[in-house]
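Engineer: Sequence:
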Amino acid sequence: MTKIVSVVLILSLVLILLFKKTWPIHSPVFETKHLAFLQPDFEHGFVWPQRVRHGDALNIFLHLNRKNVLLEINQILGPETRKFLSQLDAPRIDENTLDKCTIETGCEWLSNLQFKIPTGWPNGIYEVSFQSGNTMRRMYFFIPPHPNQQGDALFLYDWSTLNGHNLFGGCNFYGDFHDGKMKQSAAEVSHLRYSLKRPMMPTSLEFNDSVILRENNVFDGLGWLPTISQFLKTDAIFNTSLAEMDEAILKKYKFVVIAGTQEYLSRDDFTLLQHYVESGGFLIIAGSEFGLNYINYNKNRDSIAFYKVVPHEKIKDPPVRVTSVANPLMYWGFSFNFGVGIFSSKIFDFQIINTKHPYFENINVQKTDSFRSLRGWSFGAVLTQNGNTFCLTHSEIPCNDVEVLGLVKTKYQIATEESHERLRFSDLLANEFEHQNPEREIFAPLMKVKKGKGHFLAIPGNLLEDPRSVDEIQFIKNVVNTTK
Numbered sequence: 321m322t323k324i325v326s327v328v329l330i331l332s333l334v335l336i337l338l339f340k341k342t343w344p345i346h347s348p349v350f351e352t353k354h355l356a357f358l359q360p361d362f363e364h365g366f367v368w369p370q371r372v373r374h375g376d377a378l379n380i381f382l383h384l385n386r387k388n389v390l391l392e393i394n395q396i397l398g399p400e401t402r403k404f405l406s407q408l409d410a411p412r413i414d415e416n417t418l419d420k421c422t423i424e425t426g427c428e429w430l431s432n433l434q435f436k437i438p439t440g441w442p443n444g445i446y447e448v449s450f451q452s453g454n455t456m457r458r459m460y461f462f463i464p465p466h467p468n469q470q471g472d473a474l475f476l477y478d479w480s481t482l483n484g485h486n487l488f489g490g491c492n493f494y495g496d497f498h499d500g501k502m503k504q505s506a507a508e509v510s511h512l513r514y515s516l517k518r519p520m521m522p523t524s525l526e527f528n529d530s531v532i533l534r535e536n537n538v539f540d541g542l543g544w545l546p547t548i549s550q551f552l553k554t555d556a557i558f559n560t561s562l563a564e565m566d567e568a569i570l571k572k573y574k575f576v577v578i579a580g581t582q583e584y585l586s587r588d589d590f591t592l593l594q595h596y597v598e599s600g601g602f603l604i605i606a607g608s609e610f611g612l613n614y615i616n617y618n619k620n621r622d623s624i625a626f627y628k629v630v631p632h633e634k635i636k637d638p639p640v641r642v643t644s645v646a647n648p649l650m651y652w653g654f655s656f657n658f659g660v661g662i663f664s665s666k667i668f669d670f671q672i673i674n675t676k677h678p679y680f681e682n683i684n685v686q687k688t689d690s691f692r693s694l695r696g697w698s699f700g701a702v703l704t705q706n707g708n709t710f711c712l713t714h715s716e717i718p719c720n721d722v723e724v725l726g727l728v729k730t731k732y733q734i735a736t737e738e739s740h741e742r743l744r745f746s747d748l749l750a751n752e753f754e755h756q757n758p759e760r761e762i763f764a765p766l767m768k769v770k771k772g773k774g775h776f777l778a779i780p781g782n783l784l785e786d787p788r789s790v791d792e793i794q795f796i797k798n799v800v801n802t803t804k
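Residue 330 in our numbering sits at position 10 of the sequence shown, and the numbers go up by one each step.
A few of these clues could be false.
Claimed, not checked - Straight-line distance between alpha carbons at most 30 Å, and here's what the computed DSS-like set of lysine-lysine pairs gives:
no., residue 1, residue 2
1, 572, 773
2, 420, 387
3, 403, 436
4, 574, 773
5, 574, 387
6, 420, 517
7, 553, 574
8, 517, 574
These are computed hints drawn from the structure, not numbers from a lab.
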């Protein structure tokens, strides 16, 4: 018996050695050797917690190559900032080395500095910054609104997608290694947890070649915050789950505005937003992508896991065919999973070719009807027929609980070549198209939830990223007027 066991163990060891290289790669996502791309003079940092109240201590964690660094703290007010503190001295700590950073644990650094949040600082989003060579390093936190001093609107800005792309520590959720030598599939990394306690270093969404996104793109969408603040008293929170808020407090807001790239939400977030809209709230989604997939926070809310939603199979017998694809700058940024489910991406114009298709069941459509869709017809569409507007989706993503009340109209215009420089790299593909069509009308669908009292508006996400690109004031007036 002993000999048999020995033979089995030897054969098992041989098989392990033979097939080891063919196994799915899981552990390298946590290896620190992939930090070798960083230059010797690399400096960066992060703050924790990202949500602080007056009197709380904000911990600042830095990796420095000098004796000390002077920090600034500014409140972000859209394209502008308001300085609250400068010349904040943070010393170097020798133990804060890059090899103490992994995706799973974050950066196990010592706090270089603790800063107590003054009582008089207003609620909103703040950045802690310092100059490192030719680069300005930025770290972000927010002061939440006081429950007894709420405004009319709550502005939520999130970068959960950028957390998924964050390479700091070796690898990201999308399977990209910064050295370009290894690649993992989503199935291999979707079950892993990603720490939020590390610097932000996302890569381009379009490429696998270590292109780092410019930091100033992260907050382009905040350009809408000062605009809506002209009409509504607005509170702002950043990079947090709505589920952290008390539902009764959330329902006190007349408007909830979600901006940025919030591609991932937790199930609790979806439930909370559903209750908010059904109870009579007005939800405005102004992000380029929203709610496409799920995330799950751990108990301490300092790490997240990402989960991809596998799209349905392509249908071989389409009822429509594409006639044109709109500019990638024009997003509707609209997705919801409680009976809406229209996914954000490019806007497609279609020609109806089969009016008897099951997709149009119980709808008497004509081939001349206007049919516009997002990310392909099966992900959802808006049909305009004899002046009436209908919400359509594939049966897998029904929206029969939603009524399209109308389309809020504004004008979109690229004023100068300079404005393109502030947009994401992928959107630069639209330059030639836009110069041929310098101005056009944009329509954002205004929806009402049938079984509740609430409304929501889907704004083209990138429309408001650059104040010079659109008549924001008139657009917001149109939005606010819909509630009167």
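Engineer: When you check the alpha-carbon spacing of residue 553 and residue 574, does it fall within 30 Å?
Structural biologist: Status holds; Cα separation ~10 Å.
Engineer: For the pair supplied as a hint, residue 403 and residue 436, is the alpha-carbon distance within the 30 Å limit?
Structural biologist: holds, 16 Å
Engineer: Would you mind confirming whether the straight-line C-alpha gap from residue 420 to residue 517 stays at or under 30 Å?
Structural biologist: holds, 12 Å
Engineer: Regarding the pair residue 420 and residue 387, is the alpha-carbon distance no greater than 30 Å?
Structural biologist: holds, 20 Å
Engineer: Does residue 517 pair with residue 574 here, judged by a C-alpha cut-off of 30 Å?
Structural biologist: Between residue 517 and residue 574 the Cα gap is close to 33 Å, so the pair fails against 30 Å, i.e. violated.
Engineer: Does the alpha-carbon distance linking residue 574 and residue 387 stay inside the 30 Å limit?
Structural biologist: Roughly 49 Å separates the two Cα atoms, so the pair is violated.
Engineer: Given the hinted pair residue 572 and residue 773, is their Cα-Cα distance within 30 Å?
Structural biologist: Holds, because 14 Å separates the two Cα atoms, which is no more than 30 Å.
Engineer: Residue 574 and residue 773 were given as a pair; does the straight-line alpha-carbon distance stay at or below 30 Å?
Structural biologist: OK: residue 574 and residue 773 at ~12 Å, within 30 Å.
Figure legend: structure checked against the earlier numbered hints; hints not met, in rising order: 5 and 8.
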